[in-house]
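There are 2 protein chains.
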Amino acid sequence: MFRLKHLAIDTLSEHVIFIHEDAVRGGNLGFRPLDRVSVVGIDAATGTTHEVTGVLNFCRNALINADEIGLSEVAYRDLALAEGSDVRAALAPAPKSLDLVRSKLEGKRLDQSGFDEILFDVVRNRYSKVELSMFVLACALQTLDLDELVALTRAMIGSGTSLRFQHKPIADKHCIGGIPGNRTTMVVVPILASLGLTVPKTSSRAITSPAGTADTMGVLADVALEPRRLYRVIESAGGCIAWGGALGLAPADDILITVERPMEIDTEAQMVASILSKKKTAGATHALLDIPVGSTSKVRSAQAAQRLEQLFRAVAERIDLVIDVVITEARGPIGWGIGPRLEAVDVLAVLRRTPGAPNDLREKSLYLAARILELVGGYSPGTGYRAAQQALDAGKAEEAFARIVAAQGERPLPPPAQFCHTFQSPADGRIREIDCWEIARVAKQAGAPANISAGVRLLRTVGDIVAKGEPLFEIHAQSSAQLEMGRTYAESHAAIFSFGF
Amino acid sequence: MFRLKHLAIDTLSEHVIFIHEDAVRGGNLGFRPLDRVSVVGIDAATGTTHEVTGVLNFCRNALINADEIGLSEVAYRDLALAEGSDVRAALAPAPKSLDLVRSKLEGKRLDQSGFDEILFDVVRNRYSKVELSMFVLACALQTLDLDELVALTRAMIGSGTSLRFQHKPIADKHCIGGIPGNRTTMVVVPILASLGLTVPKTSSRAITSPAGTADTMGVLADVALEPRRLYRVIESAGGCIAWGGALGLAPADDILITVERPMEIDTEAQMVASILSKKKTAGATHALLDIPVGSTSKVRSAQAAQRLEQLFRAVAERIDLVIDVVITEARGPIGWGIGPRLEAVDVLAVLRRTPGAPNDLREKSLYLAARILELVGGYSPGTGYRAAQQALDAGKAEEAFARIVAAQGERPLPPPAQFCHTFQSPADGRIREIDCWEIARVAKQAGAPANISAGVRLLRTVGDIVAKGEPLFEIHAQSSAQLEMGRTYAESHAAIFSFGF
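If you're matching them up, the sequences are chains A and B in order.
Residue 568, in our numbering, is where the first sequence stops; the numbers in between run on with no holes.
Residue 568, in our numbering, is where the second sequence stops; the numbers in between run on with no holes.
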């Protein structure tokens, strides 16, 4: 019998259980480090038994005593017993669904109930990081056929709650990512809302990028809306730009991402299941998907983009979601800013039609809005662009954005970062391309997205003609050390900008 | 700047770095949980820079203060700076060799330098558990061709040190495992040593079984011999039975096993690379490999065993190791005992020719010894068995074992476990088979191998005719709770013994 101790150690979703070495020896417990162990106790108030399983770590020093069992943040939350409660610990069997993962690794097919079982255990944090890796790689390496991909998508949809709206249709959009800046969502949603569409947009925070839409919107407004607040925002403003993480939509996907991120493996199947399950659970009936193609973006060839488009269309049809797909050219970031605050400034400039507002962000947003209006807004082909442009230029989108921000809870724009360094152009010529991956690395080295004012501000962009020595871009940072890290990275990667025609 | 803190948390080989949430926020550090971070400091005495990279965990409570960085056991050892030293932390890039792992996952071939680079980083603990999983699964799922398998084996050999002996040949043996009991090594090595062969046997501790040879030998003698002591033991006794883990032989393999174990994925390629690299680095020139085949052992069909034999032979030839392979029938455990002490008692009984000594252990040991004598000892085919039998029956092997035990450092045989429960036969008839996997689980539930006296003692074995209600086996445990766990497991798995002809 042990006393429960809460160790506020954030291991993301993994359950980690800490035990003192002496307890294992003295108590004749046949445990070894990394064993799967279950911790069981009784809630004194209700008399119910609570249990959590996790991965065992041994300790020797003052972290915990020999009569205590320590639980990491999420494990403690999931056990839901008070600190100091009496608990027992025992070796736990692996979840049965792991056998299905192994059979998939051996090349067998999984059916709907197979994917359901696996994700049921995943969202209960019963899989260790190693086991999550097994599942992700099984799906990545043993090609899923269409039925399996549909089953995986449905299992992700079923792994959590879904938003439901009374008035249909519900419009949504999604970009598969990889392009710094590119905050079209924050322009498109208010345009659509100002034209009467319902757009409950949920976005993610950055996974490997210097900012996600939720990070950028979070600069200007509260984005952590639980479902009830989100419904109220939609009711009053017609649209929202919320962080999906607070909503419990397709939570299995969020857990799988914790291993996909360090693996840096993007597979088409997982991308399709992840994106479409998020759209579906956010209540969308119609969605536009943006696939940017470029030599430094996620998708690098037209053929790959078309294959991905076909996959999106095939799965969407099976889960009863109407979609359109656009394949866009990507030769560099969209907008001037890279990093939460700098991108938010771009969005405000476009919505307010400020001189110097980034034209690429404006034009791409209008193009995407037009496609959605034609998909779901009752606009006939060729008329969407004009409607979107009028809504933007007449200030309707600006007003709609102000309503959304007010409904979500406005935040004051933070001051610019204190430290700034300007880079000069290393060459004369026309900027042919900007390396999306490398410029994002510079912004991350400078502290984005954790430091919301940090990042990169382009002074010139793709297509511009510059002279050697002219200012090309700025690095913004909240400490001199980070400014230095960004500067060093940029200086040692000279090919971020390529010049020519 | 942080002060270094040693957190005695055993995460096996993974480097885990603990930082206080407030330090990340207040210090404008763009870190997130599970980021890869490097910790750098200067050794005041020598002026040299020390660095370690690891996976970041965030903490909120008293585990560490905001001005401290905590390191897990192995990370602290690898950084090799005193507690309280000034250190810096920064985001670290992933090891370059991960790109090779990704290319293997995509089905590309790796050459020798590719495997070398990957294992170089693995043994420096630069791979997180997720990344280790990627490599293991890449090798498991993307079939390695023979050149690649040889390259992987050579890379494992090169990942650590090797033992070297002046007098050749050096004999060795290895069983691929899966059969409880089966402590033939502890009988074969003294037989061979008594006949003048040099047998520097290194063995592993249990990975998923109730006892490894190192656990069982560890009951009777010290097995943690560093190389210098091992050489001295060989010089005085001609043989040893040591724990491989203390020797730094093929350490990459030991690290890969930390993820292979929870995955419970055995692939032929990894098994071959693992076993042959261990034999080669232990200094062997000749080795006998035992592949037990049975419906509940690791290899389940004669074809699978033959395929594995071919793979062993092909790789052994390329790394200049002379091998012989025996495929043995496995219809249950070998010997009476399962668990370190109980197996040690069996070994002593065979060596001492005690009445009731397990005949299956004796006969299998003589058979294996004979094959080795014919492979490397200069005995012509058909003469090895007789020589081995004479060595055993004349007490020469017993004396050789006593010399080995004395040279390694004798330990007194511990008392039997305090708690014991006897199981009666559920049926009349001849015992046709004993399920190796399930009987091992019973022993593990009872506490083996962590509790060295715990385990199972068979009273009847395969081929015996029993009456219903007759004593069949005992469970031994060091606590009543564990006895209960073993008993419950055995009672709920009635098919451990199958009866018939």
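Treat each hint with caution, since some may be false.
Unchecked claim - Using 27 Å as the maximum straight-line C-alpha spacing, the simulated BS3-like pairs for lysine-lysine come out as follows: (1) Lys175/B x Lys163/B; (2) Lys235/A x Lys463/A; (3) Lys72/A x Lys163/B; (4) Lys72/B x Lys235/B; (5) Lys175/A x Lys163/A; (6) Lys463/B x Lys175/A.
Honestly, the hints are just simulated from the structure, not real lab data.
Point to revise | Hints the structure fails to honour | key: 3, 4 and 6
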